[in-house]
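First to last, the protein sequences are chains S and L.
All letters in the first sequence, in the order written, are residues 0 to 276 by numbering that gives the first Met the number 0.
All letters in the second sequence, in the order written, are residues 0 to 276 by numbering that gives the first Met the number 0.
In case anyone wonders, no lab produced these hints; they're calculated from the structure.
Since this is a predicted model, take the numbers as computed values, not measurements.
Keep in mind that a hint or two might mislead.
It does not matter which identical chain is meant; a pair holds if it fits inside one copy or across any two.
[As the list claims (entries may be wrong)] Here are the simulated lysine to any residue pairs, SDA-like style, with alpha carbons at most 25 Å apart:
1. 144 <-> 92
2. 144 <-> 170
3. 144 <-> 156
4. 56 <-> 163
5. 56 <-> 159
6. 79 <-> 92
7. 56 <-> 144
8. 84 <-> 94
9. 84 <-> 145
10. 37 <-> 94
11. 79 <-> 93
12. 56 <-> 129
13. 56 <-> 157
14. 84 <-> 13
There are 2 protein chains.
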Amino acid sequence: MMNNTLVNGQPSAHISLFDRGLSYGDGLFETLRIEAAKPLLLQRHIDRLCAGLICLKIPFNQMFIDVLRAEIEQLCKGQKQAFLKLIITRGAGGRGYRAAEDLEPNRILMIAAAADYPQRWYQQGCELYLCRTRLGLNPLLAGIKHLNRLEQVLARSEWQDQYPEGLVCDIEDRLIEGTMSNLFLIRGQQLLTPLLNQCGVAGVVRSVIIDSAQRHAVEVVQRALSIEDLFQADGVFITNTGFGVLPVRGCDGRTIPLSPMIQAASQWLAEARRCES
Amino acid sequence: MMNNTLVNGQPSAHISLFDRGLSYGDGLFETLRIEAAKPLLLQRHIDRLCAGLICLKIPFNQMFIDVLRAEIEQLCKGQKQAFLKLIITRGAGGRGYRAAEDLEPNRILMIAAAADYPQRWYQQGCELYLCRTRLGLNPLLAGIKHLNRLEQVLARSEWQDQYPEGLVCDIEDRLIEGTMSNLFLIRGQQLLTPLLNQCGVAGVVRSVIIDSAQRHAVEVVQRALSIEDLFQADGVFITNTGFGVLPVRGCDGRTIPLSPMIQAASQWLAEARRCES
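Pulled out of the complex, with its shape left as it was, chain S reads as follows (with noise of 0.2 Å):
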């Protein structure tokens, strides 16, 4: 059997119970997409996971991004597709909050089956749940993918199956994001996409969707929006690692016009996957 989970280089599917990134979700996470053994946009994850290691204070060198996107490439030998989820946490022990000085992050990762995504939602672009839950603000956090998720958590638990994402706003009204994607509106000739200064993941397909439109001359603005600002689009689509880019015909039972933009947004993410390291 091919082995699945690595802890700090070694086979294992445990971590003791003083790892601070289950006492306190002291760390961080990635998932990967893998296709045909190689780990997609695997550049931008490694630069995301180092803006939060820098945002945690967690400490880390050259060789700690080497080690690690060895046993990353030693994960994905196989895989035809794939994810890989990794998990940096800032190390076992210290007294409460406080973390010994000379801490060792602990480095996961794990395979887990590739997600089926139907046709049908990229043909016909998929209906939207509105969650109830709101995010708090959280500045000092806003952006990273640490590993303090409760809010996701709640605001997917608000629905089954019956849509394959869930819209989240803030404790303000400002709509942020899905519970595991980016948004983005689509009005005229620009994209907009909320401002996550105040809470919200910074998605990687996000950073490729906001890179790819200003090499093709698209104005991305990131700011402010609201509810009212989703319904007004000319068009609407979700990014994630996973689904990559998704049309979105509707939310709460309010009908979102498919618009050919993007169309363009799926040509560019795909370009990236095949392009970039």
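We have chain S already, so just place chain L on it with the hints.
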């Protein structure tokens, strides 16, 4: 050797990589003080835990609580002075943020050495640090002792051992709590303590002080407090399970008077520890 950890009733020092406590901080914790093999203020800890389980929609029943009590009792045996840390997670697995319907919560119990609190802290009062880290606003999760504790980790990382505790404000400049304790100000014959409806943890010793004050006809006002309120107080103390009631004689280089009412609060706690089950 005495066994110091239990996972679902079995001696173990590890947990599955797929536990949602690690993945998302999807759970709760309690830290109990043990004296002469007895967990102090146990019912209050259980009550707060249950409030948290309800808030996070983690299903439980009376049998779950009974089993937990039995495990706590088992682990306390022979412990003269110690801490018992209890973690409840939603369980292992699910698909992303979505938990399976039939998940079984995991019960993790760990004994830790009792901490040493210098007598001079109690006799002379202690000097507190004022944290630069600000707490975000999250009404949904305010008050409960969940596992999403990155803010506390970052706040606690600001100083070393020169202060026993640091005070934290929220992003709107309200004074909320210590990184691991609650805050009380004395003003005349009143006690003031921050309202914890936007952020903060409602501590067990905090609840003892509030209940005891009412029994002793001392008015307790829960409201928004500022740094100015701190320095205008006639006395200040902080509370937690470990150090109990700790007098404060200064913060951020400024002096705070010591008040005889602090001694009264200490006695209320001693009485509750002695008399409550």
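Right, here's what the structure says about each hint:
1. 144 <-> 92: both (22 Å within a copy, 19 Å between copies)
2. 144 <-> 170: For residue 144 and residue 170, both the intra-copy (20 Å) and inter-copy (21 Å) Cα distances are at most 25 Å.
3. 144 <-> 156: both (20 Å within a copy, 20 Å between copies)
4. 56 <-> 163: Classified as between: cross-chain Cα gap 22 Å, same-chain 35 Å, threshold 25 Å.
5. 56 <-> 159: between (37 Å within a copy, 15 Å between copies)
6. 79 <-> 92: Classified as between; 23 Å across copies, 37 Å inside a copy.
7. 56 <-> 144: both (14 Å within a copy, 23 Å between copies)
8. 84 <-> 94: Classified as between; 12 Å across copies, 28 Å inside a copy.
9. 84 <-> 145: both (13 Å within a copy, 23 Å between copies)
10. 37 <-> 94: Only across copies: residue 37 and residue 94 sit 23 Å apart there, 40 Å inside one copy, limit 25 Å.
11. 79 <-> 93: For residue 79 and residue 93, only the inter-copy Cα distance (23 Å) is at most 25 Å; the intra-copy one is 40 Å.
12. 56 <-> 129: between (35 Å within a copy, 19 Å between copies)
13. 56 <-> 157: Close across copies (11 Å), not inside one copy (34 Å); limit 25 Å.
14. 84 <-> 13: both (15 Å within a copy, 20 Å between copies)
Every hint from the earlier list agrees with this structure, and none is contradicted.
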